[in-house]
Amino acid sequence: MFNPPVPHRHAARVLIVGGGGSGAALAYDLALRGLSVLLVEKGEFTSGTTGRHHGQLHSGARYAVGDRAIARECMQETLILRRIVPQAIEYNGGLFVALSDDEADYGDSFISACLEAGIPARDAATEKARAWEPALNPAARRAVWVPDGSFDAYRVPAAFLAGAAALGAELRAFTELVGIELRGGRAVGAALRGPDGREERLSFDYLVSATGAWAGRVGALAGLDVPITPAPGAMLAVKGRLTDMVISRLAPPGDGDILVPQRGLSIIGSTQRRADSPEGILPTDEEIAYLKGRAAELVPSFADAPFHAAWAAARPLAGRASNDAEGRAISRDFAVLDHADDGVAGMCTLIGGKATALRVMAEKAADEVCARLGIAEPCRTADFVLPSWRALGAFAARKEA
Amino acid sequence: MRFVLYVRNGEGYSELRAELDPAMTVLDALESLRAAAEGGAKPAVARVPHYRHSCHHGSCGTCSAVVNGLESLMCLTRLGELAAARPRKPGAAPEPPEIAADGAVIVRIDPIRRGALVGGVAARPDEALRAIPEWLGYLRPAEAIDKAELEGDPTRQATGEVLSGRAPERVRFEACIECGLCSSSCPVSVPFMGPAALAAMNRGRERGEARAEELLDSAAAPDGAAACERHLACSRVCPQAVYPGKHIQLLKNALASLAAKMKA
Ligand SMILES: Cc1cc2nc3c(=O)[nH]c(=O)nc-3n(C[C@H](O)[C@H](O)[C@H](O)COP(=O)(O)OP(=O)(O)OC[C@H]3O[C@@H](n4cnc5c(N)ncnc54)[C@H](O)[C@@H]3O)c2cc1C
Ligand code: SF4
Ligand code: FES
Chain A
0 MFNPPVPHRH
10 AARVLIVGGG
20 GSGAALAYDL
30 ALRGLSVLLV
40 EKGEFTSGTT
50 GRHHGQLHSG
60 ARYAVGDRAI
70 ARECMQETLI
80 LRRIVPQAIE
90 YNGGLFVALS
100 DDEADYGDSF
110 ISACLEAGIP
120 ARDAATEKAR
130 AWEPALNPAA
140 RRAVWVPDGS
150 FDAYRVPAAF
160 LAGAAALGAE
170 LRAFTELVGI
180 ELRGGRAVGA
190 ALRGPDGREE
200 RLSFDYLVSA
210 TGAWAGRVGA
220 LAGLDVPITP
230 APGAMLAVKG
240 RLTDMVISRL
250 APPGDGDILV
260 PQRGLSIIGS
270 TQRRADSPEG
280 ILPTDEEIAY
290 LKGRAAELVP
300 SFADAPFHAA
310 WAAARPLAGR
320 ASNDAEGRAI
330 SRDFAVLDHA
340 DDGVAGMCTL
350 IGGKATALRV
360 MAEKAADEVC
370 ARLGIAEPCR
380 TADFVLPSWR
390 ALGAFAARKE
400 A
Chain B
0 MRFVLYVRNG
10 EGYSELRAEL
20 DPAMTVLDAL
30 ESLRAAAEGG
40 AKPAVARVPH
50 YRHSCHHGSC
60 GTCSAVVNGL
70 ESLMCLTRLG
80 ELAAARPRKP
90 GAAPEPPEIA
100 ADGAVIVRID
110 PIRRGALVGG
120 VAARPDEALR
130 AIPEWLGYLR
140 PAEAIDKAEL
150 EGDPTRQATG
160 EVLSGRAPER
170 VRFEACIECG
180 LCSSSCPVSV
190 PFMGPAALAA
200 MNRGRERGEA
210 RAEELLDSAA
220 APDGAAACER
230 HLACSRVCPQ
240 AVYPGKHIQL
250 LKNALASLAA
260 KMKA
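The listed protein sequences correspond, in order, to chains A and B. Numbering follows numbering that gives the first Met the number 0, with no gaps: position 255 of the first sequence is 254. Numbering follows numbering that gives the first Met the number 0, with no gaps: position 102 of the second sequence is 101.
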């Protein structure tokens, strides 16, 4: 039974805008710290980037060479998530596979970087790797085992939302933030458009925009220039569970280099381009063909597996315009942008880098929110097993009754 | 190709006429139409009614709807399928598409039945899942045919992972994505837990869940397995080949043999 104690209830009211993984985990964290939370999401929960992500529970191995700290954080978070949302994770480990001598050589620095980051990567003889996963390309030169897994992009954040709801947080889907009221350089009120189209005004003590690729648009409601550009990435799913393990290319991170199994599907991703709007993004034929070719390099039978679906999700890219060549992907880390220096206090923007890191990202954002509100409560989200995502629907039904 | 979408909006329908690629899914069509309506005089949601979606690849179960009379996931139903002959209800013979006076293929989208309606065609299948106990698991062993056993994993200990009391090797999610299409299609009119919940219960027994007996107890309720009239619409519309009708029959069999044992 999910029933964590909440020692102190605080009057401070926080409005969270965005019901993706970031907003969901933040709502749970703040509710557990005893704050009064209202979360609004303009569509269904997780209908933004979160529900559409690739579904890889990152051990951090993918990032180890580039950034040990991020890799270490991923490892810690995957262990915590496997403990607090066990039923929404298909944990079967992963293999990084080299297909050339160069890639095989890269394996040495890859393994030592993983070990430095606390990720127990180890060489697996290629015959052994192929015995584990017979679908692997027989030309594999080297294989490295890592503790990667798959997770349900919808059910993990939904479990966080269910936890938040159980603690009294108010969660409203199909409710869009359409205006921000400023008073004396401070964000103090919101205009919300509910499911029936009616607008409502509401005041708050602090606002967090957890709106990912939409952060620029939401910032503009407060007259802010939040430099975020939507950058769609495509994914392709074929029918058939070709592997149980997550299969990645043993090479520096690139496009189409991760094959993630999930239920009866195998999914290759992803790519990256830029767009003017995060709405209605679709994968291109070129992206789909490219992904298919890349997947077949890792697992040749992918080429003949029947098509299931292709879709795209929008990354929030740092940079002002879709033609800004200076843009840097916030694809691994996350950012809390405080807007006090831009002339708007009482509000911050939280940009999530990885769904795997939703809990720790929310922890850091909640620390920041509490500091601004002068509340001293520790984060306890790693301490409790979350309720089932099914409790979210049950909770909504109870509330309507 | 020309399409006209009638999307349920309260008592009536919103009419959306557009030239669309038949390879597009119904969900992609709604998404594109909404994106195109952005920046107009009215909010985009006023033109394109509410709909639910999340994964866009048939894994979350949120985009369930009734499309031209048939329970469907909008993210896996292509417009081209709707421009060809297709059954208008579960198990019926395929019928040619309805064509409007201007030659557009008619696509009618209604919310699932027995759902909690939010607005438009957005309805949550809460009722179809209500009887599933919160403790019921969602992981099952993966079919590890011809695959060598995985070796000791140092991270398993850190998380204390267990599946049904056994040390897990390869796991995967249950096939059911909790979309509620089965309950929507079910013609039973007496109080009924519904196919999704009963299938989940029987899967729990098959997996050997520790509290399997409780599952059989729940299925024995008057609104449990006994209420099923074997129309089998559920098994026809299920996008995940769960065959809920089969699971209900297995529950009935288990209950019957339990009753026989009690008598003896
Ligand atoms: C192609 C791709 C593949 C990925 N694969 C993985 C992976 O395998 N593993 C992993 O860990 N991570 C992955 N990620 C990263 C992960 O998806 C993101 O880090 C994460 O989903 C971000 O969540 P979020 O809540 O910050 O954003 P979002 O999920 O986008 O949430 C923002 C929400 O705000 C809502 N919103 C916007 N404007 C308003 C408004 N005015 N009012 C109310 N609501 C509003 C939107 O509808 C949206 O739901 C991937 C990302 C991409 C793009
Ligand atoms: S049994 Fe099939 S139709 Fe019913 S909820 Fe599960 S996936 Fe959907
Ligand atoms: S959007 Fe997830 S099943 Fe269709």
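Hints may contain errors.
Stated by the list, open to error - Far from chain B by the CB rule (all over 12 Å, computed), these chain A residues:
no., residue
1, V5
2, T49
3, A68
4, E126
5, P282
6, V343
Unchecked claim - Distance condition first, Cα-Cα at most 25 Å in a straight line; then the derived BS3-like pairs of lysine-lysine:
no., chain 1, residue 1, chain 2, residue 2
7, A, K127, B, K146
8, B, K146, A, K238
9, B, K251, A, K238
10, B, K88, B, K245
11, B, K260, B, K245
12, B, K262, B, K251
13, A, K363, A, K291
For the record, the hints were derived by calculation from the structure and aren't laboratory data. None of these values were measured; they are calculated from a predicted model. Beta carbons are placed, not taken as given, at the ideal position from N, Cα and C, and that holds for glycine.
Hints not upheld, ascending by number = Numbers 2, 4, 5, 9 and 13, in rising order.
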